[in-house]
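Student: Here is what each chain is made of, one letter per residue.
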Amino acid sequence: MSTNETTTASEELEPSQNQTETPAVDWKNIINQGLWKNNPALVQLLGLCPLLAVTNTLTNALGLGIATLLVLVVSNLTVSLVKRWVTKEIRIPVFIMIIASFVTMVQLLMNAYTYGLYLSLGIFIPLIVTNCAIIGRAEAFASKHSPLEAAVDGLMMGLGFAAVLVLLGGAREILGQGTLFDGAHLLLGSWATDLKVQVFEFEQQFLLAILPPGAFIGMGFIIAAKNYFDNKQKLKAQANQSTAKVERVRITTVN
Amino acid sequence: MKGRLTKYKTKINAILLTAFASVCTLMVSLTHLWTAPIIEQQKQQDILNKLTEVLVANKFDNNPLEQCTYLHDADITGLDSPQIIYRATFDGKPYAIIYQTRTQQGYNGLIELMVAVDQSGKVQGVRTLSHQETPGLGDKIELAKSDWITSFDQKQVKDAKDSRWYVKKDGGDFDQFTGATITPRAIVNQLRTSIDTVNSKFDQIFAMENQCLPQVATSNEPGPEAQVGSH
Chain X
1 MSTNETTTAS EELEPSQNQT ETPAVDWKNI INQGLWKNNP ALVQLLGLCP LLAVTNTLTN
61 ALGLGIATLL VLVVSNLTVS LVKRWVTKEI RIPVFIMIIA SFVTMVQLLM NAYTYGLYLS
121 LGIFIPLIVT NCAIIGRAEA FASKHSPLEA AVDGLMMGLG FAAVLVLLGG AREILGQGTL
181 FDGAHLLLGS WATDLKVQVF EFEQQFLLAI LPPGAFIGMG FIIAAKNYFD NKQKLKAQAN
241 QSTAKVERVR ITTVN
Chain P
1 MKGRLTKYKT KINAILLTAF ASVCTLMVSL THLWTAPIIE QQKQQDILNK LTEVLVANKF
61 DNNPLEQCTY LHDADITGLD SPQIIYRATF DGKPYAIIYQ TRTQQGYNGL IELMVAVDQS
121 GKVQGVRTLS HQETPGLGDK IELAKSDWIT SFDQKQVKDA KDSRWYVKKD GGDFDQFTGA
181 TITPRAIVNQ LRTSIDTVNS KFDQIFAMEN QCLPQVATSN EPGPEAQVGS H
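Going down the list, the sequences are from chains X and P. For the first sequence, position 244 (counting from the first letter as 1) is numbered 244 according to the working numbering, and the numbering increases by one without interruption. For the second sequence, position 22 (counting from the first letter as 1) is numbered 22 according to the working numbering, and the numbering increases by one without interruption.
If you are wondering where the hints come from, they were derived from the structure by calculation, not from laboratory data. Each hint should be verified, as a subset may be incorrect.
Claimed, not checked - Selected chain X positions facing chain P (Cβ under 10 Å, derived; list incomplete): (1) V25; (2) W27; (3) W85; (4) I90; (5) F102; (6) M105; (7) Y118; (8) P147; (9) I174; (10) Q177; (11) L180; (12) D182; (13) Q205; (14) L207; (15) A237; (16) Q238.
Owing to the predicted nature of the structure, the values given are computational and were not obtained by experimental measurement. Yeah, the Cβ is synthetic: ideal placement off N, Cα and C, and Gly gets one too.
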């Protein structure tokens with residue numbers, strides 16, 4: 001939770017800074033926060049339990065990603081809509097109730113319309129309730145912003161989370177089984193059986209990728225890659241800044 | 001004055017919480033009411049799919065879901081409680097018994113199997129319903145991973161100690177997997193004993209009364225119901 005608190009603190013700062021300049025909503029910032037800068041899986045490291053457990057195939061990862069995304073958007077929207085009536089003392093139980101209801105509804109709907117996927121995701125659908133990313137967004141963002149902003153934030157956070165799930169699921173499935181979209185018909189209907197791609201075949205499956213440790217290792221690589229890009233960008237920005245300074249100095253001397 | 005205020009606040013909070021709880025419960029209940037018939041239909045469809053997978057397609061003409069009975073026989077089902085068993089018929093004559101059996105002898109936890117045996121004792125089909133065997137080693141018992149599970153098709157069990165019904169390592173006919181002997185051994189052993197018991201009780205099981213009719217009346221079968229309506 002400590003990471004969560006620090007990120008929310010930094011977030012509170014940024015919008016207020018922007019608000020002093022322009023009263024308009026900083027959509028770009030919301031999108032950037034969800035997809036990259038404050039990605040729930042890579043930066044906040046929230047919801048790791050389902051993330052690591054179900055990413056053994058791309059289909060499972062996509063299924064849980066979509067379910068989480070739906071819950072995030074709807075719960076963010078609802079929390080933002082009712083925030084006016086929720087007093088400070090009861091906000092956490094109310095948020096949890098809202099989230100739990102939506103998760104149960106998603107669970108029932110998945111049970112009804114994507115039965116096979118429901119069976120293969122098992123306990124991890126009801127466990128979306130405990131995904132800190134959702135209550136975290138409700139508390140840190142949705143309860144302080146307008147419904148539209150909250151919904152967009154939920155969408156972007158959900159997309160960010162789903163993207164990491166899909167990336168990890170795809171990588172583990174290719175490494176482990178040599179396939180992609182195995183069992184896609186469970187999620188998308190019978191036409192999707194043809195979606196399955198045999199990337200390559202091997203005698204023995206690469207067990208490490210399929211088993212949970214593979215998820216941890218894969219996750220580590222993804223976080224490392226993100227940090228690498230961030231660092232590179234930072235260095236670039238610093239370089240730009242220093243060149244800018246030099247220019248300014250030169251201008252003053254000319255004058 | 002302050003006490004009054006907190007009392008008032010608590011009241012408001014209680015009312016708010018109750019209101020939210022009621023709305024949430026209402027929404028979940030509505031979704032449940034809406035999805036319940038579809039979920040039931042999916043479950044039935046799922047069982048039917050598995051049943052038709054273990055049966056030979058053109059050898060039966062009834063809906064096995066409508067021909068079931070509860071059997072209390074740990075030798076067959078692997079559980080010491082009444083378990084559902086389906087019966088497939090052709091032209092009203094007995095064709096096969098479809099039962100689920102389970103074993104704890106696998107490498108990790110319970111392995112659940114669905115088996116169909118015909119009147120002459122020939123295996124019509126076997127499928128793994130659920131298991132937690134090691135991925136990449138023991139999971140070759142799934143049809144999706146390997147066709148090993150079809151090696152039982154058309155085989156017969158002579159008696160409870162039929163020497164062919166063991167894995168090759170134990171001197172029998174059935175392959176084990178490289179790196180995993182325990183899983184196939186558990187399945188072969190469970191099949192041998194359960195099929196032998198089914199063979200000895202085949203007619204007896206078919207004579208048992210049908211206990212699935214009430215379920216059919218409320219179920220989602222649009223076919224028979226539509227027919228009843230048109231008559």
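Student: Let me know if the C-beta of Y118 (chain X) comes in closer than 10 Å to any C-beta of chain P, holds or violated.
Tutor: Hint on Y118 (chain X): holds, closest Cβ of chain P at ~9 Å, below 10 Å.
Student: Using Cβ atoms only, decide whether V25 (chain X) comes closer than 10 Å to chain P, and label the hint accordingly.
Tutor: Result: violated, 28 Å to nearest chain P Cβ.
Student: Please verify that hint: W27 (chain X), Cβ, nearest Cβ of chain P, below 10 Å or not.
Tutor: violated, 30 Å
Student: If you take the shortest Cβ to Cβ gap from W85 (chain X) to chain P, is it below 10 Å?
Tutor: holds, 7 Å
Student: Was the hint right that Q238 (chain X) lines chain P, CB cutoff 10 Å?
Tutor: violated, 46 Å
Student: Given P147 (chain X) as an interface hint, is its Cβ closer than 10 Å to any Cβ of chain P?
Tutor: Violated - the Cβ of P147 (chain X) stays beyond 10 Å from chain P, reaching only about 17 Å at its closest.
Student: Tell me if the interface restraint on A237 (chain X) is satisfied: Cβ within less than 10 Å of some Cβ in chain P.
Tutor: violated, 44 Å
Student: Against chain P, run the beta carbon of Q205 (chain X) and see if the smallest gap drops under 10 Å.
Tutor: holds, 4 Å
Student: Against chain P, with CB atoms and a cut of 10 Å, does the hint on M105 (chain X) hold up?
Tutor: Where the cut-off is 10 Å and the nearest Cβ of chain P is about 4 Å from M105 (chain X), the hint holds.
Student: How about Q177 (chain X): closest beta carbon in chain P under 10 Å, or not?
Tutor: holds, 9 Å
Student: Against chain P, run the beta carbon of D182 (chain X) and see if the smallest gap drops under 10 Å.
Tutor: holds, 8 Å
Student: At a threshold of 10 Å, is the proposed contact between F102 (chain X) and chain P supported by beta-carbon distances?
Tutor: Cβ of F102 (chain X) sits 8 Å from chain P, so the hint holds.
When held up to the earlier numbered hints, the structure conflicts with 1, 2, 8, 9, 11, 15, 16 and fits the remainder.
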